[in-house]
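Novice: Please work from the sequences and hints to get the whole structure.
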Amino acid sequence: MAMCGAVALLLLGLAVREAVVVRRLKRDGVRAQGVVVDNTRDDYSDGFNWVPVIAFVDQQGHRVEFSPKMRGTGMNLAR
Numbered sequence: 002m003a004m005c006g007a008v009a010l011l012l013l014g015l016a017v018r019e020a021v022v023v024r025r026l027k028r029d030g031v032r033a034q035g036v037v038v039d040n041t042r043d044d045y046s047d048g049f050n051w052v053p054v055i056a057f058v059d060q061q062g063h064r065v066e067f068s069p070k071m072r073g074t075g076m077n078l079a080r
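Under this note's numbering, read the sequence shown as residues 2 to 80, first letter to last.
In case anyone wonders, no lab produced these hints; they're calculated from the structure. Some hints here could point you the wrong way.
What the hints assert, rightly or not - With beta-carbon atoms standing in for the labels, derived distance ranges:
hint	residue 1	residue 2	range
1	V65	R42	15 to 25 angstroms
2	M4	R32	36 to 46 angstroms
3	Q61	L10	33 to 43 angstroms
4	D47	P69	31 to 41 angstroms
5	S46	L11	24 to 34 angstroms
6	M4	V58	16 to 26 angstroms
7	L12	R42	26 to 36 angstroms
8	C5	R42	34 to 44 angstroms
9	V8	V37	36 to 46 angstroms
10	V52	E19	21 to 31 angstroms
Unchecked claim - The calculated lysine to any residue pairs, modelled on SDA-like cross-linking and capped at a C-alpha distance of 20 angstroms, are:
hint	residue 1	residue 2
11	K70	Q60
12	K70	Q34
13	K27	D59
14	K70	V36
15	K70	V22
16	K70	V37
17	K27	M71
18	K27	A16
19	K70	Y45
20	K70	T41
21	K70	I55
22	K27	F57
23	K27	L15
24	K27	V17
25	K27	K70
26	K70	L15
27	K70	R42
28	K70	L26
29	K27	P69
30	K70	V54
31	K70	E19
32	K70	P53
33	K70	N40
34	K70	V23
35	K70	L11
36	K70	G35
37	K27	Q60
38	K70	S46
39	K70	A16
40	K70	N50
Just so it is clear, the structure is predicted and the values come from calculations on it, not from any experiment. Glycine is no exception: its CB is placed at the ideal position from the N, C-alpha and C atoms.
Specialist: Have a look at this one:
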């Protein structure tokens, strides 16, 4: 029983920390306009997904490319 309580407190603490980080980034983070430059295929046991490759230029002029870890529809990633 005590173990479940400890795990619950740990998860609650992690959730609060994540909420604080997201709030800070929304308030103080620098926004950048990105463009989908490619789609890569992500194979898994039951099939595959197409994953976008997004590129943008940071404040120092460096080109940055990444694929988001969260994927799918309904994540409110579009502005």
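Novice: K27 and K70 were given as a pair; does the straight-line alpha-carbon distance stay at or below 20 angstroms?
Specialist: Holds, at about 19 angstroms.
Novice: Measuring from beta carbon to beta carbon, are S46 and L11 in 24 to 34 angstroms?
Specialist: holds (31 angstroms)
Novice: For the pair supplied as a hint, K70 and Q34, confirm whether the alpha-carbon distance does not exceed 20 angstroms.
Specialist: holds (18 angstroms)
Novice: Does L15 lie within 20 angstroms of K27 when you go C-alpha to C-alpha?
Specialist: holds (18 angstroms)
Novice: Could you say whether the range 34 to 44 angstroms given as a hint is met by the Cβ separation of C5 and R42?
Specialist: Once the Cβ atoms are compared, 41 angstroms apart, the range 34 to 44 angstroms for R42 and C5 holds.
Novice: Verify the proposed pairing of K70 with Q60, using a straight-line Cα cut of 20 angstroms.
Specialist: violated (23 angstroms)
Novice: Taking only the CA atoms, is the gap from K70 to L15 under or equal to 20 angstroms?
Specialist: With a Cα-Cα distance of about 19 angstroms, the restraint between K70 and L15 holds, given a limit of 20 angstroms.
Novice: Take the C-alpha atoms of K70 and L11, compute the straight-line distance between them, and say whether it is at most 20 angstroms.
Specialist: Cα-Cα ~23 angstroms, so violated.
Novice: With a cut-off of 20 angstroms on the C-alpha distance, tell me whether K70 and P53 pass.
Specialist: Between K70 and P53 the Cα gap is close to 10 angstroms, so the pair holds against 20 angstroms.
Novice: Check whether the Cα positions of K70 and R42 lie no farther apart than 20 angstroms.
Specialist: holds (14 angstroms)
Novice: Please verify whether K27 and V17 have alpha carbons no more than 20 angstroms apart.
Specialist: holds (15 angstroms)
Novice: Keeping to a limit of 20 angstroms between CA atoms, is the pair of K70 and E19 held or broken?
Specialist: The hint holds at about 16 angstroms.
Violation of the numbered hints given earlier is confined to hints 4, 6, 11, 35; the remaining hints are satisfied by the structure.
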